[in-house]
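Trainee: Same order as they appear, the protein sequences are chains A and B. For the first sequence, our numbering gives the first residue as 782, with consecutive numbering after it. For the second sequence, our numbering gives the first residue as 5, with consecutive numbering after it.
It should be emphasised that the hints constitute simulated quantities derived from the structure, not laboratory data. Possibly wrong hints are sitting among the right ones.
[To be verified] Mimicking DSBU-like on lysine-lysine, the simulated pairs with C-alpha atoms at most 35 Å apart in a straight line are: (1) A:K900 x B:K70; (2) B:K46 x A:K944; (3) B:K43 x A:K940; (4) A:K1156 x B:K50; (5) A:K944 x A:K914; (6) B:K66 x A:K1054; (7) B:K58 x A:K914; (8) B:K58 x A:K940; (9) B:K43 x A:K944; (10) A:K914 x B:K64; (11) A:K887 x A:K834; (12) A:K940 x B:K70; (13) A:K900 x B:K43; (14) A:K1054 x A:K940; (15) A:K940 x B:K9; (16) B:K58 x A:K944; (17) B:K9 x B:K46; (18) B:K9 x B:K70; (19) B:K66 x A:K940; (20) B:K50 x A:K1054; (21) B:K70 x B:K50; (22) A:K1054 x B:K43; (23) B:K58 x B:K70; (24) A:K944 x B:K9; (25) B:K70 x A:K944; (26) B:K64 x A:K944; (27) A:K1054 x B:K46; (28) A:K834 x A:K900; (29) A:K914 x B:K46; (30) A:K1054 x B:K9.
Each chain is listed here by its residues.
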Amino acid sequence: MPSGPPPRTLYTVSALTTLLRVHIESAFSDIWVEGEVSNLRIPTSGHAYFTLKDASSQIRAVLFRSIGRSLRFALQDGMQLVCRGRVTVYEPKGDYQVIVEYVEPKGVGALQLAFEQLKARLAAEGLFDQARKRPLPFFPRRIGVVTSPTGAAIRDIVKVTHKRDPGVTIVLNPVAVQGESAAGEIARAIEEINEMGGFDVLIVGRGGGSLEDLWPFNEEMVARAIAASRIPVVSAVGHEIDFTVADFVADVRAPTPSAAAELVVRDRQDLLKRVAGYGDRAVLAVRAVLRDLCARVEAERRGLLDPTALVARAIQRRDDLEMRLRLAQVNRLKDLRSAVEALRQDVLLRSPLQQIQRGLTLLPHLRTRLQQRTKVALELWRRSLEEYIGSLHALSPLAILGRGYSITRRWPELTVLRAASAIAPGEVVHVRLAAGELLCEVQKTANELIRKPGGV
Amino acid sequence: MPTVKFEEALARLEAIVAELERGELPLEDSMRIFEEGIKLSKVCLKMLEEAERKVEVLVKDKDGRKRTRTFDLEEFSETGQANRDVED
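Can you build the whole structure from these sequences, using the hints too?
Mentor: What follows is the structure, encoded as structure tokens:
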């Protein structure tokens, strides 16, 4: 066999392409590649076609729908990806391309990216708007709770709720709060609570856990169920530092399940104090009203209804009127006199008959009043005279005679005798007794007592 | 659900107290709203005194509909047979 150039192997295009494909597929059956997404297209088939590129090269890539569906985030142009897959050749075009079987965003984790994307989308829809947030009920009686029946969350909620207000009924709609089925169960449970009705408020949540554990609360279906709830929803997922999409959609975000119960349930003791305080204030206020009223009634009674006060007031008023009347009368009389005088002057000067007539009609009034006043004055005078006489009588020496005394006077001069030496025996004296008089001749005078004849 | 809402009763009670404290109403009206206020405070106190500590759980009926029954926390303790999932 002569040596020479190797025998010419002539391939058809198809054969060569197939050969390349087989070689490439066996050499690059499981590779990792990183690059930036560009020229992303997702036709109706649902497969995603894009180019992965870096500063100097590019390579085609395909993400089939079955894989893409399970992605938690959405592909976007410009996104830095880390892809795992295999390289193959698309024989109709002779293009080689990466069939992507796993993809994660470079830098941030896939979950974080998915969270950011869903958050941005729902925010753009307005689901986080403050205006959508409903106030929590003032005095909830029936609280729905969507969480795990075995977790710490329901225990914390029951404990805090019944410590604050034992009158609250808690209704648990039990769900799995982690794992594949969790998001669906949580969303359905929120709907069920809404369908049942009779709930004042709804707490949705779970205790702390890893980002993966909390993931169901970052799922769109949970966010949408919360947004659609007609009952106000309080989210209570994980610890204080954990924020989920559910927290943003909920009407109120509680940092923990215990805190949710504290936000939802008012302390009964506070309410009791408040009601009792209102009761006390009402009683005090009514007492004040009554006291005020009593004071007013008392004032009215004193001022208007007390007959003695009325009489006193009437007397005072009458006295006042009388004084004014008297003054008016005096003035009137003066006026009348001067009027009469004027008339008289007129008559004397001009004799105007009419004026005389008028003056004459006034005169009877004047006369009558003068007569009345005179009568009153006379009566007063008579009374005071009688009183005077009465008191005079009491002082009269004649009244003393009634007690056995007598008055002795010289006869016939009738000068009062005050001493025996002022008269001599044989003279005559006049003795005035209480009843009657005596005319006596003096037998003997002495400055001392005259003894009875035969007396001791 | 109570026929009178606690919140409304409390708000009305508050308004009555404020009105009474203003002291401008005629006696009859004062007494009328005072009585109303005392009634309301009794209603409020009664509502506050209810203390059943009720905890219920929704369970599926045979026909697939949910109904409530008393929830026993012990029954659902993490070691219990009703354990469905475990949180940390």
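Trainee: What's the verdict on K66 (chain B) and K1054 (chain A), does the C-alpha distance respect the 35 Å limit or exceed it?
Mentor: violated, 47 Å
Trainee: Please work out if K1054 (chain A) and K9 (chain B) have their alpha carbons no farther apart than 35 Å.
Mentor: holds, 18 Å
Trainee: Between K900 (chain A) and K43 (chain B), is the straight-line Cα distance small enough, at 35 Å or below?
Mentor: Violated, at about 50 Å.
Trainee: Does the structure keep K43 (chain B) and K940 (chain A) at a Cα separation of 35 Å or less?
Mentor: holds, 32 Å
Trainee: Does K50 (chain B) lie within 35 Å of K1156 (chain A) when you go C-alpha to C-alpha?
Mentor: violated, 85 Å
Trainee: Would the hint linking K9 (chain B) and K46 (chain B) be met if the CA-CA limit is 35 Å?
Mentor: Holds, because 13 Å separates the two Cα atoms, which is no more than 35 Å.
Trainee: Hinted pair, alpha-carbon criterion (35 Å max): K940 (chain A), K9 (chain B). Please report holds or violated.
Mentor: holds, 25 Å
Trainee: For the pair supplied as a hint, K64 (chain B) and K944 (chain A), is the alpha-carbon distance within the 35 Å limit?
Mentor: Holds, at roughly 29 Å.
Trainee: Hint check: K58 (chain B) vs K944 (chain A), CA-CA at most 35 Å. Holds or violated?
Mentor: holds, 12 Å
Trainee: Are the Cα positions of K900 (chain A) and K70 (chain B) separated by 35 Å at most?
Mentor: With Cα atoms ~32 Å apart, K900 (chain A) and K70 (chain B) stay inside 35 Å; holds.
Trainee: Between K914 (chain A) and K64 (chain B), is the straight-line Cα distance small enough, at 35 Å or below?
Mentor: Roughly 31 Å between the alpha carbons, so the hint for K914 (chain A) and K64 (chain B) holds.
Trainee: Against the 35 Å threshold, does the CA-CA distance of K70 (chain B) and K944 (chain A) hold or violate the hint?
Mentor: Distance ~28 Å between K70 (chain B) and K944 (chain A) Cα, so the pair holds.
In summary, the structure is inconsistent with hints 4, 6 and 13 from the numbered list given earlier, while agreeing with the others.
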